[in-house]
Amino acid sequence: MSSGAVLTSQEYITHHLSNLKVGEGFWAVHLDSLGWSVFLGLVFLTIFRSVAKKATSGVPGKLQCAVEMVVGFVDDSVKSTFHGKNALIAPLSLTIFVWILLMNSMDWVPVDLLPHLIHWVTGMPLGDIYMKPVPTADPNITFGLALGVFILIIYYSIKVKGVGGFMKELTTQPFGHWSLYPVNFILETVTMLARPLSLALRLFGNLYAGELIFLLIATIGVFQLPVHFLWAAFHLLVIPLQAFIFMMLTIVYLSLAHEDH
Amino acid sequence: MDINMTLVGQLIAFVVFVIFCMKYVWPPIIGAIEERQATIADGLAASDRAAKDLELAQEKATAQLKEAKVQAASIVDAAKKHEAKIVEETAGKAQAEKERILATGHAEIETERNRAREELRKEVAILAVAGAEKILERSIDGAAHSDILDKLVAEL
Numbered sequence: 001m002s003s004g005a006v007l008t009s010q011e012y013i014t015h016h017l018s019n020l021k022v023g024e025g026f027w028a029v030h031l032d033s034l035g036w037s038v039f040l041g042l043v044f045l046t047i048f049r050s051v052a053k054k055a056t057s058g059v060p061g062k063l064q065c066a067v068e069m070v071v072g073f074v075d076d077s078v079k080s081t082f083h084g085k086n087a088l089i090a091p092l093s094l095t096i097f098v099w100i101l102l103m104n105s106m107d108w109v110p111v112d113l114l115p116h117l118i119h120w121v122t123g124m125p126l127g128d129i130y131m132k133p134v135p136t137a138d139p140n141i142t143f144g145l146a147l148g149v150f151i152l153i154i155y156y157s158i159k160v161k162g163v164g165g166f167m168k169e170l171t172t173q174p175f176g177h178w179s180l181y182p183v184n185f186i187l188e189t190v191t192m193l194a195r196p197l198s199l200a201l202r203l204f205g206n207l208y209a210g211e212l213i214f215l216l217i218a219t220i221g222v223f224q225l226p227v228h229f230l231w232a233a234f235h236l237l238v239i240p241l242q243a244f245i246f247m248m249l250t251i252v253y254l255s256l257a258h259e260d261h
Numbered sequence: 001m002d003i004n005m006t007l008v009g010q011l012i013a014f015v016v017f018v019i020f021c022m023k024y025v026w027p028p029i030i031g032a033i034e035e036r037q038a039t040i041a042d043g044l045a046a047s048d049r050a051a052k053d054l055e056l057a058q059e060k061a062t063a064q065l066k067e068a069k070v071q072a073a074s075i076v077d078a079a080k081k082h083e084a085k086i087v088e089e090t091a092g093k094a095q096a097e098k099e100r101i102l103a104t105g106h107a108e109i110e111t112e113r114n115r116a117r118e119e120l121r122k123e124v125a126i127l128a129v130a131g132a133e134k135i136l137e138r139s140i141d142g143a144a145h146s147d148i149l150d151k152l153v154a155e156l
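Residue numbers (the numbering used here), protein chains in the order written: chain A, 1 to 261; chain B, 1 to 156.
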């Protein structure tokens, strides 16, 4: 409990799940989610770019080894699933995997650490400090990523199959008879929309739930330490797994978009 | 869930990051990895080749060694034969030389003996004449009686 006895558990959790927001309604921006997201993206690109600049095919340094392990892992995943030629898929998968991994990792930061740091540095009262540091526990972030993937799915579907081919794919299956084409279209549209929705909601749901449990654990007093440790250890599985699933499904969806029936 | 401009901001960041990654991050790293993989593959292939070469060289060396042994044995054989031949030849020559020397010796001895005998015979003739002169106590005309003397000499 951070803000003293005046807060009930519900108020404490609600407070911690509120974003640092500027603007109103649709035009609002979550500064904490977007800020951490961009910061972590820049961390990823800075590290990888510094390795890329000095990349040698000779004996690699330790950082290059680590980066090459990640790149090799992503490259293997892409090559095992996507068989076409596309210069975008692999770097896209790398960005998704590492970026989401870093964003998910913010789940390990103790829930009260950042608000207290801000309180300590700026002197703002804790009740006014809103800081939700896990970007992937914000649906805006996960839907932003999923929307990007969705646009790519549509783009490559049309690019590879043409508008006609894409429409044909949406209408002529699973039922072959012309009278059922509208039904097909509805089914296929739902399938198509389910892809980005499931991508975004799966990631968001896992991380939001994880964050919520961390907050619940933070309200139980002194026993929170071992419980917190257990839950954090469990996230050793959840965090990379969710990043991997998002990347893998992106590759699968794009690979489906490239398949011409 | 309130969906707002954060989503658009995230989408823009996503696009920018992916483009940056595609242009400046992925190609150099994957290039270095693939280049190294090629180098390692080449190195492994080269070591395989070298091992094969070594095996071949060893086989060749063994074969050459065997051949050399056979050759050496045949050379020794030939040398032994040659030696035996030389010994035989030399022995033959020595025998011939010995016989030749013996023959010469015999011939010389024979000549010497004949000569000595001739001299002896002449001396005996002279002694016989001298004895006859003494017996007859008169001088015998050597010229008148030379035919008798010659006959005597021939009889000796």
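Be a bit skeptical, because a hint or two may be false.
Once the Cα atoms are required to be at most 35 Å apart in a straight line, the calculated DSBU-like pairs of lysine-lysine come out as [to be verified]: (1) Lys21/A - Lys85/B; (2) Lys85/A - Lys54/A; (3) Lys159/A - Lys23/B; (4) Lys79/A - Lys23/B; (5) Lys52/B - Lys80/B; (6) Lys21/A - Lys85/A; (7) Lys80/B - Lys66/B; (8) Lys54/A - Lys81/B; (9) Lys81/B - Lys60/B; (10) Lys159/A - Lys53/A; (11) Lys62/A - Lys93/B; (12) Lys79/A - Lys161/A; (13) Lys98/B - Lys85/B; (14) Lys53/A - Lys23/B; (15) Lys80/B - Lys98/B; (16) Lys54/A - Lys21/A; (17) Lys81/B - Lys93/B; (18) Lys21/A - Lys79/A; (19) Lys66/B - Lys93/B; (20) Lys62/A - Lys21/A; (21) Lys81/B - Lys66/B; (22) Lys85/A - Lys23/B; (23) Lys151/B - Lys134/B; (24) Lys161/A - Lys98/B.
Part of the chain A face toward chain B, derived, beta carbon under 10 Å [stated by the list, open to error]: (25) Glu11; (26) Gly23; (27) Val71; (28) Gly148.
Keep in mind that the hints were calculated from the coordinates and are not lab data.
Glycine included, each C-beta is placed from N, C-alpha and C at the ideal position.
Outcome of the hint check:
{"no.": "1", "hint": "Lys21/A - Lys85/B", "verdict": "violated (119 Å)"}
{"no.": "2", "hint": "Lys85/A - Lys54/A", "verdict": "holds (27 Å)"}
{"no.": "3", "hint": "Lys159/A - Lys23/B", "verdict": "holds (21 Å)"}
{"no.": "4", "hint": "Lys79/A - Lys23/B", "verdict": "holds (19 Å)"}
{"no.": "5", "hint": "Lys52/B - Lys80/B", "verdict": "violated (42 Å)"}
{"no.": "6", "hint": "Lys21/A - Lys85/A", "verdict": "violated (42 Å)"}
{"no.": "7", "hint": "Lys80/B - Lys66/B", "verdict": "holds (21 Å)"}
{"no.": "8", "hint": "Lys54/A - Lys81/B", "verdict": "violated (78 Å)"}
{"no.": "9", "hint": "Lys81/B - Lys60/B", "verdict": "holds (31 Å)"}
{"no.": "10", "hint": "Lys159/A - Lys53/A", "verdict": "holds (33 Å)"}
{"no.": "11", "hint": "Lys62/A - Lys93/B", "verdict": "violated (91 Å)"}
{"no.": "12", "hint": "Lys79/A - Lys161/A", "verdict": "holds (22 Å)"}
{"no.": "13", "hint": "Lys98/B - Lys85/B", "verdict": "holds (20 Å)"}
{"no.": "14", "hint": "Lys53/A - Lys23/B", "verdict": "holds (12 Å)"}
{"no.": "15", "hint": "Lys80/B - Lys98/B", "verdict": "holds (27 Å)"}
{"no.": "16", "hint": "Lys54/A - Lys21/A", "verdict": "violated (40 Å)"}
{"no.": "17", "hint": "Lys81/B - Lys93/B", "verdict": "holds (18 Å)"}
{"no.": "18", "hint": "Lys21/A - Lys79/A", "verdict": "violated (41 Å)"}
{"no.": "19", "hint": "Lys66/B - Lys93/B", "verdict": "violated (41 Å)"}
{"no.": "20", "hint": "Lys62/A - Lys21/A", "verdict": "violated (40 Å)"}
{"no.": "21", "hint": "Lys81/B - Lys66/B", "verdict": "holds (23 Å)"}
{"no.": "22", "hint": "Lys85/A - Lys23/B", "verdict": "holds (16 Å)"}
{"no.": "23", "hint": "Lys151/B - Lys134/B", "verdict": "holds (20 Å)"}
{"no.": "24", "hint": "Lys161/A - Lys98/B", "verdict": "violated (118 Å)"}
{"no.": "25", "hint": "Glu11", "verdict": "violated (19 Å)"}
{"no.": "26", "hint": "Gly23", "verdict": "holds (7 Å)"}
{"no.": "27", "hint": "Val71", "verdict": "holds (5 Å)"}
{"no.": "28", "hint": "Gly148", "verdict": "holds (4 Å)"}
Of the numbered hints stated above, those contradicted by the structure are hints 1, 5, 6, 8, 11, 16, 18, 19, 20, 24, 25, listed in ascending order.
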